[in-house]
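Dock chain L with the ligands against chain E, hints included.
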Amino acid sequence: MSAVIDDHAGHEHDHGPAKGLMRWVLTTNHKDIGTMYLWFSFTMFLLGGSFAMVIRAELFQPGLQIVEPAFFNQMTTMHGLIMVFGAVMPAFVGLANWMIPLMIGAPDMALPRLNNFSFWLLPAAFAMLVSTLFTAGGGPNFGWTFYAPLSTTYAPESVTFFIFAIHMMGISSIMGAINVIATILNLRAPGMTLMKMPLFVWTWLITAFLLIAVMPVLAGCVTMMLMDIHFGTSFFSAAGGGDPVLFQHVFWFFGHPEVYIMILPAFGAVSSIIPAFSRKPLFGYTSMVYATASIAFLSFIVWAHHMFVVGIPVVGELFFMYATMLIAVPTGVKVFNWVSTMWEGSLTFETPMLFAVAFVILFTIGGFSGLMLAIAPADFQYHDTYFVVAHFHYVLVPGAIFGIFASAYYWLPKWTGHMYDETLGKLHFWLSFIGMNMAFFPMHFVGLAGMPRRVPDYNLQFADFNMVSSIGAFIFGATQIFFLFIVIKCIRGGEPAPAKPWDGAEGLEWTVPSPAPYHTFVTPPEVK
Amino acid sequence: MSETISIKRLVKRLLMLAVVMFAFGFALVPLYDVMCKAFGINGKTGGQYEGSQVTDPTRKVRVQFLSTNNIDMVWDFYSKADEIDVHPGAVNEMIFVAHNPSDHPMTAQAIPSISPAEAAAYFHKTECFCFSQQVLQPGERIEMPVRFIVDRDLPADVKHLTLAYTLFDITARQPPVASINGQVPKGEQ
Ligand code: HEM
Ligand SMILES: [Cu+2]
Numbered sequence: 001m002s003a004v005i006d007d008h009a010g011h012e013h014d015h016g017p018a019k020g021l022m023r024w025v026l027t028t029n030h031k032d033i034g035t036m037y038l039w040f041s042f043t044m045f046l047l048g049g050s051f052a053m054v055i056r057a058e059l060f061q062p063g064l065q066i067v068e069p070a071f072f073n074q075m076t077t078m079h080g081l082i083m084v085f086g087a088v089m090p091a092f093v094g095l096a097n098w099m100i101p102l103m104i105g106a107p108d109m110a111l112p113r114l115n116n117f118s119f120w121l122l123p124a125a126f127a128m129l130v131s132t133l134f135t136a137g138g139g140p141n142f143g144w145t146f147y148a149p150l151s152t153t154y155a156p157e158s159v160t161f162f163i164f165a166i167h168m169m170g171i172s173s174i175m176g177a178i179n180v181i182a183t184i185l186n187l188r189a190p191g192m193t194l195m196k197m198p199l200f201v202w203t204w205l206i207t208a209f210l211l212i213a214v215m216p217v218l219a220g221c222v223t224m225m226l227m228d229i230h231f232g233t234s235f236f237s238a239a240g241g242g243d244p245v246l247f248q249h250v251f252w253f254f255g256h257p258e259v260y261i262m263i264l265p266a267f268g269a270v271s272s273i274i275p276a277f278s279r280k281p282l283f284g285y286t287s288m289v290y291a292t293a294s295i296a297f298l299s300f301i302v303w304a305h306h307m308f309v310v311g312i313p314v315v316g317e318l319f320f321m322y323a324t325m326l327i328a329v330p331t332g333v334k335v336f337n338w339v340s341t342m343w344e345g346s347l348t349f350e351t352p353m354l355f356a357v358a359f360v361i362l363f364t365i366g367g368f369s370g371l372m373l374a375i376a377p378a379d380f381q382y383h384d385t386y387f388v389v390a391h392f393h394y395v396l397v398p399g400a401i402f403g404i405f406a407s408a409y410y411w412l413p414k415w416t417g418h419m420y421d422e423t424l425g426k427l428h429f430w431l432s433f434i435g436m437n438m439a440f441f442p443m444h445f446v447g448l449a450g451m452p453r454r455v456p457d458y459n460l461q462f463a464d465f466n467m468v469s470s471i472g473a474f475i476f477g478a479t480q481i482f483f484l485f486i487v488i489k490c491i492r493g494g495e496p497a498p499a500k501p502w503d504g505a506e507g508l509e510w511t512v513p514s515p516a517p518y519h520t521f522v523t524p525p526e527v528k
Numbered sequence: 529m530s531e532t533i534s535i536k537r538l539v540k541r542l543l544m545l546a547v548v549m550f551a552f553g554f555a556l557v558p559l560y561d562v563m564c565k566a567f568g569i570n571g572k573t574g575g576q577y578e579g580s581q582v583t584d585p586t587r588k589v590r591v592q593f594l595s596t597n598n599i600d601m602v603w604d605f606y607s608k609a610d611e612i613d614v615h616p617g618a619v620n621e622m623i624f625v626a627h628n629p630s631d632h633p634m635t636a637q638a639i640p641s642i643s644p645a646e647a648a649a650y651f652h653k654t655e656c657f658c659f660s661q662q663v664l665q666p667g668e669r670i671e672m673p674v675r676f677i678v679d680r681d682l683p684a685d686v687k688h689l690t691l692a693y694t695l696f697d698i699t700a701r702q703p704p705v706a707s708i709n710g711q712v713p714k715g716e717q
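Residue numbers (my numbering), protein chains in the order written: chain E, 1 to 528; chain L, 529 to 717.
Isolated chain L, as found in the complex:
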């Protein structure tokens, strides 16, 4: 009889283990996010940067800009320049242009990524259109600034950075009217 009781307890513990591991699967989501942001894994950039830095005029870093449309996205989307040379610590600005050539209002979300990935943690955006979503009426065109600082601690061997944006059509997910207040989906900066 004591045998059956111990089986019951064992089964309960094993079931608990299964439940804990199920939860662990979901815990990997925030864990992964935190790891990516902390270490700049995967080229993920952090949220809005509040600090400021002293310019280092002795060093120059070339920053390249890429703008890509995700599959099925019809907007025109490009930066005003392909690349600029910046000094670490200084605040720089680049203007991106978006144009909705379709005949209906659309919502878009831009997702940034930095290469090489190990530089992502040293790339700070003080302002970015990717922090919110863009709603464009048919035929509307806007200019969207991104302001950024390349950290003075950027490893010396990195002389060249690429900031790449992919523009996603999220009209179905966030109908243009509902998102006028600039609501941001969960987990997004």
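Only chain E is shown next, with the shape it has when bound in the complex:
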């Protein structure tokens, strides 16, 4: 037995990673790049989170106590930008890099060098974006949706750096998406037909097409801003014949598909995790694939539900209202399938499953508040209040972020070769669960009562709920440092993980040893 292991170790040495820093700078290995994406994402998660802590500290009590309103605006803007583009999206690209080749039996991503470049663009882009906070005029302060003319006529000087940062992130995402599509379409192991692919692969394939379709529109949008600011055009300036409302159309044409870019991969991961811990195959695999595709298609024709109050004709309001509600149908199919998968299963609740089950329940709450917002006449009341903030945090935190946590715990044994500490993992889950609900649930109430979003001060009537929100946010924030500890502990040691640590898990990734060797599936596996 030991001879076999020695043999294997020797083999590893020959083809293992290069030593030192250059391993990471120059690597084209999908696992290394996946790891870097995940660490980058986690760093951004903590940075964006610390901005959220500033926001919640200021909102702890009514009145201005901690920061200037001008700085508060920079915090809300940077929090949103960093979480969307720096934390959630790169985390999913990291998971894609690590897992897609392992799931489809490919030796690596299809375009390994491009992969390296896609990653390294991100630290450059975010270094540039974050550095604007230290400029004299301050960083972006116009909200993560950067509506013109706030982001053009009235923008701080640093907006140009913001624009270039968005360009770089866009290029990175587009190249990453091309890589994912090329990998999935060309490098599947023999026998791995499209309809045998794990749902994570499916949802990523569809997400990648969404990325290629809308990131260029975002690039066009910021390019128009750049031209308005520096070259005297008037795309968004009424004085020169342009129209600020046009900005919102262009932005949300990108923006709504973007919110699905942030959730579809989580749908996929959860669709692997729930069957594993229910010890039953996924209920309704085919309908899951079609539901994902219809969500992606519908996401292109609902953008104006973000603009119900700009003065759209009634027919337009009705169209976008019904189209938006239609999205709830395929989404409902998915929720139904997850619940049916658990139905009469032999459930166990290890940490990944806890996060996955919470995902199903809490994401559904976000879906329902979305439906409320989709009612055009009602949205006149809800729009730009904390109710919207509650809605999108319910779909993004227990949706996207819990999906990422569930994936991390599920695949950590495969990545590190060790089991994470189950007790600590569960503690992380429960603290996150409590903190997150405490932070975001009261926002529904203050929103319905009329508290506007993006304000540093508020009416006394909202005081108690805001204090609860802030305490919840601090709990949630502190808990994530604890997650860092759990991950480091798992990397450094722990019970050795077998190739397949979850008895109900399915998929090719569990056929390779844990930790996954540096090179896997050099000869493609045969899929029955």
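These are calculated hints, taken from the structure and not from any lab test. Just so you know, these numbers come straight off a predicted model, no measurement behind them. Using N, Cα and C, we set each Cβ at its ideal position, and we do this for glycine too. Be a bit skeptical, because a hint or two may be false.
Claimed, not checked - DEER-style ranges, computed between Cβ atoms:
#: 1; chain 1: E; residue 1: 67; chain 2: L; residue 2: 537; range: 47 to 57 Å
#: 2; chain 1: E; residue 1: 230; chain 2: L; residue 2: 625; range: 33 to 43 Å
#: 3; chain 1: L; residue 1: 586; chain 2: E; residue 2: 300; range: 38 to 48 Å
What follows is chain L with the ligands alone, placed relative to chain E:
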């Protein structure tokens, strides 16, 4: 080997898709303009109206006038009356007054908008100061006419229209000397 070739082709196609979508982002600009003008979305009014209509003396529509200065604009800017009653089909006139109280020549551009938005397509301007830019010397004051026809096909439930102008200071963009020939920026009527 055939695998790599097909990857190349796939990547080329995907890149093409990205380029097409980038262009599509820009195509949204004229598309939006056309849609707005065609359907009067957003209260956008069309360009100069060339037609004429027969007056409908049986129907009356009240037209209100609003004049607003954009932020930092120092001119006095107002209409001679706040509102008038008009018959659909008839040509009406309203005089707007502008005065430059500053000590330097300035250029201004007025941008019209109609509420309710669905009436915009039925509001025709045969002459408007918003079709060109205004250059005023220090202390100069001018009277600017707008002539308009409310279309006979205006939906019956619209009994009340508002024509709102916002006046923008575009001195920096169009220095007063350069714009004497009444040059209009791109996309503007
Ligand atoms: C059933 C599905 C959903 C429906 C019907 C829905 C509906 C809506 C509506 C109508 C708004 C606009 C509210 C307003 O500004 O007045 C909105 C905002 C938002 N939604 Fe959803 N939504 C759904 C799912 C999602 C998902 C899955 C995500 C992301 C993962 C998401 C993220 C957002 C974000 C980020 C905003 C706010 C953007 C902003 O103004 O900053 N939504 N949603
Ligand atoms: Cu949306």
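Legend entry - Hint check against the structure, violated hint numbers in rising order: The structure conflicts with no hint, since it agrees with every one listed earlier.
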